[in-house]
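Using the hints provided, position chain B relative to the given structure of chain A.
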Amino acid sequence: MDYAPNTDDQRQEMLRAIGVSSFEELINAVPVELHQRSLHAPHGLAEAQVLELCGALAARNQSLTDLTSFLGAGQYHHLIPTVVDAIASRGEWLTPYTPYQAEAGQGTLQAIYEFQTMVCELMQMEVANASLYDGASSTAEAVILSLRATEQPRVLLSEALHPHAREVIATYLIGANAIVQEIPAVNGVTDLEALGKALRDDVACVVMQQPNVFGCLEPMAQAGELAHKVGALFVSSVYPISLGLLQPPGAYGADIAVAEGRCLGTPISYGGPGLGLFTTTSALLRKIPGRLAGCTVDHAGRRGFTLTLQTREQHIRREKATSNICTNEGLIALRATVFMSLLGPEGLKEMATLNLEKAHYAHERLRDVSWLRPAFEQSFFNEFTLQCDDAVDIEVVNRTLAKADIIGGFPLKSWYPSMPHASLWCATEVLSQDAIDRAVDALKKAV
Amino acid sequence: MADPLIFERSVPGRRGYRLPPSDTPSRPPADMLPADQQRATPPQWPEVAEFDVVRHYTRLSQLNFSVDTHFYPLGSCTMKYNPKVNERVAALPGFAWIHPLQPASQVQGVLELLHGLEQLLCAITGMAAFTLQPAAGAQGELTGLKIVAAYHKRKRRTRSTILIPDSAHGTNPASAALSGFSVVQLKSGPDGLIDLKEFKSKLNRDVAALMLTNPNTLGLFEYNIKTIAALLHEQDALVYMDGANMNALLGISRPGDMGVDLLQLNLHKTFSTPHGGGGPGAGPVGVAKALEDFLPVPRVRKRGTRFAWETRSRATVGRVHGWFGNIGVLVRAYAYIRALGREGLMRASETAIINANYLKAKLQETYPVPFHQSCLHEFVASAKPLKAHGVTAGDVAKRLLDYGFYAPTVYFPLIVEEALMIEPTETESKETLDQFIEALLRIAEEAKTNPELVRRAPQRMPVDRLDEVKAAREPNLRWMKPAQSIVHSR
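Taken in sequence, the protein lines are chains A and B. Using the numbering used here, the letters of the first sequence map in sequence onto residues 1 to 447. Using the numbering used here, the letters of the second sequence map in sequence onto residues 1 to 490.
It should be emphasised that the hints constitute simulated quantities derived from the structure, not laboratory data. Treat the numbers as computed from the prediction; the structure is a model and nothing was measured. A few of these clues could be false.
[Unchecked claim] So these bits of chain A aren't anywhere near chain B, every CB distance computed over 10 angstroms:
| id | residue |
| --- | --- |
| 1 | VAL186 |
| 2 | ASN187 |
| 3 | ASP202 |
| 4 | LYS229 |
| 5 | VAL230 |
| 6 | ASP390 |
| 7 | TYR416 |
| 8 | HIS421 |
| 9 | ALA446 |
[Said to hold, decoys possible] According to the in silico footprint, chain A covers these stretches of chain B (three or more CB under 8 angstroms from chain A):
| id | stretch |
| --- | --- |
| 10 | 61 to 72 |
| 11 | 88 to 98 |
| 12 | 144 to 158 |
| 13 | 267 to 278 |
| 14 | 342 to 352 |
| 15 | 391 to 403 |
Just so you know, even glycine gets a beta-carbon here, dropped at the ideal spot from N, CA and C.
The shape of chain A in the complex, shown without the other chains (with noise of 0.2 angstroms):
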């Protein structure tokens, strides 16, 4: 199946309306020895074959919605109201490119002129961008402008900060004169005092996670003041859901507040697609990175929308551009705007008040396992820290948790080699009071 339409006979016309006689005359301009006029792929297949084919690899995984699942570690899984896809997968929204004509694409203009007002007042902040890919690549893009506006080559990375944008961090810096230094955490929240000697003049960001990596709220306000004392910008990196009831990113200070969007109307996925949110505040405008619509008028004097700022963009500034980014997380960013609308201020408190309880809910029941221990003493949103006994290996208690349908806590171990013991539990608005105490017989079984 090959999805053109053209015939053989509507071919050849139009071989002779170019003046050529065959194909071949056409890729006079390939080298012959250039030519490779075949490929060693397989032969084509039918819509019905390609839907068994994918269907059996589909199968051979098993779904969370399938399991009781506490995986969290910054991928969490929420509910999606079944009207982000009834909208999202309509071809107008699916098949569009980038609004360079704005007078062609008003609804995607203005359907991002919404989202970056949604995202701004979810996190506070002045100013949001269209979206970058991920949260991780949005953490590495706000160091990045960190060390251009303050000229500063030092990074502060706290170590309770997702080891994964610490590794996308490291790369995107490779050959950026940067110095980064990670700054170690304590009782699971990271260590003001080591963050205030390590905190200089050349220092150009901190960057923090909220919650962290372990689940425990950080002290960000106290270390945000700490960041400005000495003129660095203070990066926030955050979950959206928790929002909901935790103090957003422009209440505390932060100079640039990132996340990982994905959780607002989109699948896991295996983690990708994701959603970069990209927020700072007007004064950092000028040197934000990717796509930003704009609220204008028409010749006639109407409101329209229209891509602007781009003097920023890689297409007009070339090698002096912001970012190189240019196709986004466009679509993830439309679930998104659906998905905000749906819930509305009310209903996101209302998810993360749910996610607040199970998570106690979780963490208290969890504690009655004589193996398990609380890693910190805490507080947390939907997402803790457990400590089993020496002699308890997670890893094989969690090979007992699956033969009955039950992924346990993420063993931190491969992340934190100093913490062989500990995991990481989250428990979300899908888990239900019946799946948690399940599971909590199967642990106190499994040992």
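Same frame as chain A, now just chain B:
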């Protein structure tokens, strides 16, 4: 009348979605969260009913041109039909609802798919290995340039220059700069290709790599690519190919045979995943054998009959995505490649090339094409003759909208005056192409007989031309409740 914003439809107290009631013992949030960590004021999101949302976003969608609704000849963007079956496949719970931290034993199907996709991309391009992590073409370029930097660093030497032709896409120099390189521009020759003399004069021991697009943004194949690659390799510099235009080459020619060391593919172009109004895309990077160790981790590996993630590699540039890449996009691309198969992929490129040459043959008398060699999947024409009537390429683009066609890419590449970059793709029928030709020829007539009509276009769109200067001078990037100021408690 313009559509209201969703915020202007808001009525306090209205709800669009209800969460299930709590089934765990309820406690006041204050018992669980310290007071100083709690949000004081909720976000001012709209308060609307489900049906308000459905009508609002359905109506907004109808203001868009899209591939599903309109011919979309946007050059270098490969706006081909996006098969619906791929949407259905990506939405299967076995792909859509799996967690990236599930053990490999629970996700063998997706690992097999990713491994299979890598193999297919290797076969199509002639490269030795691929990473599927980059989320878009530009992130693929960035990944490639980090690999270039790591390669030279491993050889313990400083190479600070990337050569880039003046016809290149803006992401190329931007990606180079983000990797700490300085950019030296190569002026294209009179035939629109890399000028060998110019190239040789700029090639020296400081060159880390050449970034070239093949076929280039004029739709022309870089005829001397093998010679160019050999000259670079003599200096131990690398050849990076921007594979955005791969739709011209399926079953025609393989970058791996051209001497290309690394390239990115744009799956949302060549491999038909929908553009979504600006993403998500996917920009896998393929490399020659000598560069395989530098690829990002983790990499999917086959061990016996099982698949697993390999998380470490000695020379890797690290990670560019929070997880494994845009899986949903990769699943669609895999389904597409399997549906087309070897014959379909070849036929896709052949048809795309015929369609482009057909448009070029019918249009070049009116809209001159400055370079004479046969184009591949796209070509660049010029609206310069219309300038005598005060009509520009931008005006032609706007007038096309009135005729029900999306516009070509305009004013790019920068080396062609009044450029109209046209890429029809293989999925448009001859009938559509004929209608498009007729519209462009009529616009050229209108430019002579009624230039004002063209200059004032579009007139049949929801809005007229927008005041871009105002948009940039007085940035209004978010809605504000009337008479409300932006002051937040900080």
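Each hint, compared with the structure:
{"no.": "1", "hint": "VAL186", "in the structure": "holds, 18 angstroms"}
{"no.": "2", "hint": "ASN187", "in the structure": "holds, 15 angstroms"}
{"no.": "3", "hint": "ASP202", "in the structure": "holds, 19 angstroms"}
{"no.": "4", "hint": "LYS229", "in the structure": "holds, 16 angstroms"}
{"no.": "5", "hint": "VAL230", "in the structure": "holds, 19 angstroms"}
{"no.": "6", "hint": "ASP390", "in the structure": "holds, 23 angstroms"}
{"no.": "7", "hint": "TYR416", "in the structure": "holds, 14 angstroms"}
{"no.": "8", "hint": "HIS421", "in the structure": "holds, 18 angstroms"}
{"no.": "9", "hint": "ALA446", "in the structure": "holds, 16 angstroms"}
{"no.": "10", "hint": "61 to 72", "in the structure": "holds (count 11)"}
{"no.": "11", "hint": "88 to 98", "in the structure": "holds (count 11)"}
{"no.": "12", "hint": "144 to 158", "in the structure": "holds (count 3)"}
{"no.": "13", "hint": "267 to 278", "in the structure": "holds (count 7)"}
{"no.": "14", "hint": "342 to 352", "in the structure": "holds (count 9)"}
{"no.": "15", "hint": "391 to 403", "in the structure": "holds (count 3)"}
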